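K.L.:
Just so we're aligned, residue 190 is where the sequence shown starts under my numbering, counting upward by one.
Please note that the accuracy of each hint is not assured.
[Stated by the list, open to error] For lysine-lysine, the following DSSO-like pairs were computed, each having C-alpha atoms within a straight-line distance of at most 30 Å:
#1 Lys-253 with Lys-325
#2 Lys-232 with Lys-244
#3 Lys-232 with Lys-253
#4 Lys-244 with Lys-325
#5 Lys-223 with Lys-253
#6 Lys-223 with Lys-243
Hints in this document: simulated from the structure, not taken from any laboratory.
Every value quoted in this text rests on a predicted model; they were computed, and no experiment measured them.
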Amino acid sequence: MCHKAKHERPDTREPTLPSTILVINGPNLNNLGKRDTSMYGTKTLDDIQNDISKKASSLSVDVKFFQSNHEGSIVDFIQESSAGADGVIINAGALTQVGYSILDALLDSGLPFIEVHLSNIHAREKFRQESVFAGKAVGQMAGFGPSGYIYAIDHLATVINS
């Protein structure tokens, strides 16, 4: 499922600077690799971040990672980091259904963002199928496992540079 929204933000970057993408992970994603491996796989968050860094390097994109189990900390990170960024990849985890303050921070930032989920949230319990982010995101990657982050950074880099 892919949702599209247009995000407009004046380009204040120097033309020679690489794009910077914030990669945000929400509650319990710090437990990847040991948390329900049949659903989320065996890769740890560090493994996934290493894969993202490799892909980002091949795209000449800088990444800044953040993980928190607390909604307010995620909002703070977006507010503090958005001025130096060009886009966001977010896996809000269990905050996907209720993270309105995170959505507001993303919208206030003016940055394009892509929502990522390791599992296919649309094939899971009804409550997991809802997302406060989907209608405003550039796109949504769900069910591709850790590769979803790679697809997301590839697409977001294209969006940023178009």
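K.L.:
Hint by hint, note whether the structure agrees.
P.N.:
So, going through the hints one by one against the coordinates:
1. Between Lys-253 and Lys-325 the alpha-carbon distance is near 22 Å, which keeps this suggested pair within the 30 Å criterion.
2. At roughly 16 Å between alpha-carbon atoms, Lys-232 and Lys-244 fall within 30 Å of each other, so this suggested pair holds.
3. For the hint linking Lys-232 to Lys-253, the alpha-carbon distance of about 19 Å falls within 30 Å, and the restraint holds.
4. Of the supplied pair hints, the one linking Lys-244 and Lys-325 holds, its CA atoms being roughly 25 Å apart against a limit of 30 Å.
5. Between Lys-223 and Lys-253, the direct Cα distance comes to roughly 24 Å. Compliance with the 30 Å bound is thereby established for this hinted pair.
6. Of the supplied pair hints, the one linking Lys-223 and Lys-243 holds, its CA atoms being roughly 23 Å apart against a limit of 30 Å.
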